[in-house]
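Asks: Each chain is listed here by its residues.
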Amino acid sequence: MQVSLSWLSTHLDLGSHSTAQLSDLLTFAGIEVEGIEERGLATDKVVVARIDSFEPHPNADKLSVCQVDDGSGALRQIVCGAKNFKAGDKVPLALPGALLPGGFEIKEGKLRGVVSGGMMCSPKELGLGEDTGGLWILDAGLEIGRSLAEIVGSDTVFDLEITPNRSDLLSHLGLARELAALTGLPLKGARDHAASATAIREATADEVRLEAPEDCPFYTARRIRGVKVGPSPDWLKARLESVGLRPINNIVDITNFVLLEMGQPLHAFDLAKLDGGIVVRRAAEGETLRTLDEAERTLVAEDLVIADAKRPVAVAGVMGGLETGVTESTTDLLLEAAYFTPQVVRRGARRLGLSSDSSYRFERGVDPLQVRGASDLAVQLILTLAGGKADEELRVAGAAPALTGEVELEEARALRLLGMPALTIDEAHAILEKLGLEKTAAGHGKSCWRVPGYRLDLQRGVDLVEEVARVVGLDRVPAKFAAVMAQGDATDRQYDHGMQLRQALAARGLQEAQTLRLIAANQLDAGLGAGDPVATAAALKNPLSEDHTHLRPSLVPGLLATAALNIRQGAQRLRFFEAGRVFLKMPNGQVREEERLALLLSGPATGESWHEKQQRAVDAFDLRGLVEALPGVAALELRRQNDSDAFLLRHELRAGNRVLGWIAQVHPARSRTLDARHPVYVAELLLSALRQGAGGPAKFEDLPRFPSVTRDVAFELPLDLPNARVEAFFAGLKEPLLAGAALFDVFVDATGAKIAADRKSTAWTLTYRAADRTLETSEVDAVHARIVAALEKSLPASLRR
Amino acid sequence: MLSELDSLKTEALAALGALHDEASLEAFRIDYLGKKGRLTALSARMREVPPEQKKDVGAKLNEVREAITSGLEVHLGALQAAKDAASVAGVDLTLPGRPADRGSLHPLTQIRDLAVRTLRRMGFTLADGPEIETEWHCFDALNTPADHPARNESDTFYLPDGRLLRTHTSSVQIRTLETVKELPVRIIAPGAAYRRDEIDATHLSVFNQIEALYVDHDVSLADLKGTLEFFFREVFGPKTAVRFRPHFFPFTEPSFEIDVKLEAKGREDRWIEIAGCGMVDPAVFASVSKTRGDLLFDPETVTGFAFGMGLDRLAMILHGITDIRHLIDNDSRFLRQFA
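First to last, the sequence lines map onto chains A and B.
Residue numbers for the first sequence follow my numbering, beginning at 1 and rising by one.
Residue numbers for the second sequence follow my numbering, beginning at 1 and rising by one.
Because the hints were derived from the structure by calculation, they are not lab data.
No false leads were mixed into what you were given.
Restricting the straight-line Cα-Cα distance to at most 16 Å, the calculated cross-link-like pairs of lysine to aspartate or glutamate (EDC-like) are:
{"#": "1", "chain 1": "A", "residue 1": "Lys480", "chain 2": "B", "residue 2": "Asp216"}
{"#": "2", "chain 1": "A", "residue 1": "Lys585", "chain 2": "B", "residue 2": "Asp161"}
{"#": "3", "chain 1": "B", "residue 1": "Lys181", "chain 2": "A", "residue 2": "Asp489"}
{"#": "4", "chain 1": "A", "residue 1": "Lys541", "chain 2": "B", "residue 2": "Glu153"}
{"#": "5", "chain 1": "A", "residue 1": "Lys541", "chain 2": "B", "residue 2": "Glu135"}
{"#": "6", "chain 1": "A", "residue 1": "Lys480", "chain 2": "B", "residue 2": "Asp218"}
Between the sequences and the hints, there should be enough to build the whole structure, so can you do that?
Replies: Next up, the structure:
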């Protein structure tokens, strides 16, 4: 909200406070100062001067040498470049020492060899308007030598952000009240307009009928006949313009002035255009109204309208109708001052997509007790500025609801919450009194406070405590610090586990990505394969853009997008991981949130350097190795899953009976769309499954005290026999002396020259050891022979000897 | 015999001087000191030496053996030393090293962990809650009016079933208060939150926050102030100036916004808004008590403070990141800067 300092000054004298002080005062009272604009002339060294005579500059075609009367008694010589003046014109003259906008200081000097004792100015040079093509020709009646600053007036306009609870600050009087409380300065007039001198009369049903008292419990109308609509006087125009409003005509300007002065929106109807009395009612479904902004509005049954006997003439609290608005030809008025509830106005404004100064205030809450005072103020201004004669009595329908009342302050509790030992209860009371609250009772550690009608936010004891804290400020609160023993739970361990994994992967040279949790529908298909993933992704009801329509059911689409972005930047070597939440739509419609970890590898296995000319590209085994090395993984089992249009080589990853996740190569067709030059591998793991594998402290195993003996065995297998079968064979052996079996070679020959093309040769090292003795060769030979025999029996293996 | 030994010694040492490789030194050793070597042959003649000379000849023999052996060792040593030196000849360690992979944690992870570690030192533990929330947990229980604009579909993402994507991590306050068994409650909740904002240089539709809540008997504004001042000094440095501006949030009363003073060389100090905080509004305790059906959080007896801040913003301020979209683009060149 724009607030004019000059306007505020009509309510209290702020002359002793600098702009910066006021800004601080407001800021620390919880009113954010978003901008400060100084208007007018800051210097008094610009005066009204009269151009006595002028002649061409002897050395410059475009300049004139003027003799100017600045009121000092002697003529002053000024060199000037403008052409839009004649002798006798009055113009602003900046004297030496004047500081003009932009930090430009006027000095006495010579221009092309001719002395010039100042500068005659355009409005723009003075920061007072747009360029008008030359000097500012002033009103001929102005006194020569008078400071221009006095004539144009100056003002400081604050752009304030008022928090939604403080509707009472949405007016100049409201802010003046607040500043009076904060500074202790006296208000020049009344705190509010709760008092009204105008007699009231209950409106007849023909005059005003309230059909929706729950949304409009109080409505007043006053007729003024014989007004003359015309431009507002300069002072009123200046007030409105100072806070960014365009003057329209005296009547509309007055209603706007009252709104900005005291926060009560009003509306003036052209009485002649109203057909019968006022009805405040719900709109009929489909009724239309052309509002003042000339838009045709179609109304629905929940809208609250002001209507005459025939039709809606205003959307209550939001905007008036065009047809019944005040125009140049209006002579009779009906002035509405009413209270509409925040709910109804907010709903109406939102539904119509229409926010006005009026709806903004009603939505936040106006003071019903000042409705009559606002009407009085407006009528008084109308009679003064537009003439006419007002009804003796104000027609009222309903009653102003009491929205504030008495609030009890429990003193001990208040002081405890504030944690300010140095604050006394007397000081707290003094603050509340300064804010306009009235103590109605006190004693037994409690006090009772009557809250003024405009402080709608003060409903409970804690609201009063808040006021005290706000005014005292946190500077006076001592900083207290007491640590508390904290017992961690599963969430803590989950966090630590997540960090442990992240650090392990970063230490292995992967970069952590964090991608947006919202993804596009096409990312689901492209990233995860058509079909099931779309069904398991939760769609937003109201997405903002096509790029973010679903909650991600997997981290992989995000990592693929990351890969694509980095490929576009010229990167080939991609090593990324992301740990974060995914969202899975369950068959019952519920959405499960789950923490996952995904990895993506592609491109050269090592960084580019002068050491290696030829770099190996990573393959699926690099990724598998990374996964196997993660804490909590140990023995990994892979189960082949079906290829899809998104992935090849997809395998489920298991450890024991835990499903950890899956690993795959991104389908080459998809990789090509990413412009990846190398195969892209991804894996996705469930953090909860990884965490289960990382339970408890490690258990120490005694180190072997006796040497081990190794024997190698090489055998041929069908090419398509998974290695897992061989591993399972060795793992299943019940030979206590066999300490381990390790694969050390796999050999295939597609040409069939060295080994049949449908066969592979594998070689394993078997390690034998006893815990209590050094093994005899004969013992090892016997076990080894048994194992080899079993191998040939259990697997389609033929030994290579 | 003595003179023979002397001349053998002279000859051997002279020969040694001309030898420069291991093989010839080995040949030399065999030639002089080997089983059939020349010195061995001479010492075999010890038997022929008259008894009165045996002592002198024996001493000479030892002297010559000693001289040849040590001469050989010195030579071998020098040769090894030369080889060792040659083994690193031409190595220019000013050449770049083999690149060790430098992985990195995302700056948001780092800032979140900094905040978590700091707050854990102060006795806060972690809490969590769903990101898909009910209107109750995100708004109602947090004392947000039924027609508050934040609930609008233009501001908040909804799912078709009426649930929403939480607009702040404050919903974890409610989740925690609904389930804990005893006082004090002292939790932090880092997590994602969502707002229906167009993504631009300063806005993301999904962003990161950290929330803190402390509830007990007699928690006061002084606790809030002490905790936050400590926190920001830990994060921004011990001299960091922090100020509290009164503000309004539906779920705290009184409420404050917190500014931290940023000092940068060659620039005027700036106050940067960084967090919101306040004393838990009794209405929040009342809502929670209604759900719980007990009096653990009776608004008449407990008080608490809560604060929340945007981690994205914190990261941008700490690292001087000028466009928030860097945080979601994951450009490797960006991520590398935080290794």
